[in-house]
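Novice: One-letter residues, chain by chain:
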Amino acid sequence: DIQMTQSPSTLSASVGDRVTITCRASQSVSVWLAWYQQKPGRAPKLLIYDASTLQSGVPSRFSGSGSGTDFTLTISSLQPEDSANYYCQKYNKYPGAFGQGTRVEVK
Amino acid sequence: QITLKESGPVVVKPTETLTLTCAVSGFSLINGRVGVSWIRQPPGKALEWLAHIFSNDEKSYTTSLRSRLTISKDTSFRQVFLTLTNVDPLDTATYFCALPSRRLVGAYDFWGQGALVTVSS
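Residue numbers (my numbering), protein chains in the order written: chain A, 1 to 107; chain B, 1001 to 1121.
Calculated from the structure, these hints are not laboratory results.
Hints are not guaranteed to be accurate.
[What the hints assert, rightly or not] Cross-link-like lysine-lysine pairs, in silico, BS3-like; alpha carbons within 27 Å at most: (1) 1073(B) x 107(A); (2) 1005(B) x 93(A); (3) 1045(B) x 39(A); (4) 93(A) x 1013(B); (5) 1045(B) x 1013(B); (6) 107(A) x 39(A); (7) 1045(B) x 1005(B); (8) 45(A) x 1059(B); (9) 1073(B) x 1013(B); (10) 1013(B) x 45(A); (11) 1005(B) x 107(A); (12) 45(A) x 93(A); (13) 1059(B) x 1005(B); (14) 1045(B) x 45(A); (15) 45(A) x 107(A); (16) 93(A) x 1073(B); (17) 107(A) x 1013(B).
So that you can see chain A by itself, here it is in the shape it has in the complex:
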């Protein structure tokens, strides 16, 4: 099965900072990668799909890039409400797989 590895595990940044999270797949998943934001006690929320397509209603400060095995999620100007856990997920085929998550703290 394909494994997904995220880095860093945690990061702390200030309001207005540019933040980047990376996700690496153990095999190519083409562009079939999504990013989710999850806040405590809530279900994950889809941010990005097909590696770089912004889900409707998601602020434009979120962007995604990459293909094959290496992907990034970027928050161009971090806001207080962006404090959350972020997960990547591959869906080139089932079984699916998620990364281990990145906790983002806003100072």
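Dock chain B against the given chain A, drawing on the hints supplied.
Specialist: Showing chain B alone in chain A's frame:
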């Protein structure tokens, strides 16, 4: 409006069988182009993909739990079930069902609220 809602026992004893139900409304699952997945999350830990079922009854399971998991659906595909046998305290988690609406295998744009299941004697 598509909604998913999980239901099931709050507490299960070790070695017992856990059965969860996902009720889907606002979307037809019979058109052959979508399905429903189960995903779980132990307290304070990461999301773990468990299983998926398509409208044609094709199924996929995570390798690590394949021998203990069964996913199924009712004939109308309004309910999807997940059975996990021989549960252990390590199976304590919030169990989510989720649906990719754009394509047969896709990103999950719809999620249930989750159901917390505790395995304890």
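Novice: Taking the hints in turn, state whether each one holds.
Specialist: Hints, verified against the model:
{"no.": "1", "hint": "1073(B) x 107(A)", "in the structure": "violated, 46 Å"}
{"no.": "2", "hint": "1005(B) x 93(A)", "in the structure": "holds, 25 Å"}
{"no.": "3", "hint": "1045(B) x 39(A)", "in the structure": "holds, 13 Å"}
{"no.": "4", "hint": "93(A) x 1013(B)", "in the structure": "violated, 34 Å"}
{"no.": "5", "hint": "1045(B) x 1013(B)", "in the structure": "holds, 22 Å"}
{"no.": "6", "hint": "107(A) x 39(A)", "in the structure": "holds, 16 Å"}
{"no.": "7", "hint": "1045(B) x 1005(B)", "in the structure": "holds, 22 Å"}
{"no.": "8", "hint": "45(A) x 1059(B)", "in the structure": "holds, 24 Å"}
{"no.": "9", "hint": "1073(B) x 1013(B)", "in the structure": "holds, 25 Å"}
{"no.": "10", "hint": "1013(B) x 45(A)", "in the structure": "violated, 31 Å"}
{"no.": "11", "hint": "1005(B) x 107(A)", "in the structure": "violated, 35 Å"}
{"no.": "12", "hint": "45(A) x 93(A)", "in the structure": "holds, 21 Å"}
{"no.": "13", "hint": "1059(B) x 1005(B)", "in the structure": "holds, 20 Å"}
{"no.": "14", "hint": "1045(B) x 45(A)", "in the structure": "holds, 17 Å"}
{"no.": "15", "hint": "45(A) x 107(A)", "in the structure": "holds, 22 Å"}
{"no.": "16", "hint": "93(A) x 1073(B)", "in the structure": "holds, 21 Å"}
{"no.": "17", "hint": "107(A) x 1013(B)", "in the structure": "violated, 42 Å"}
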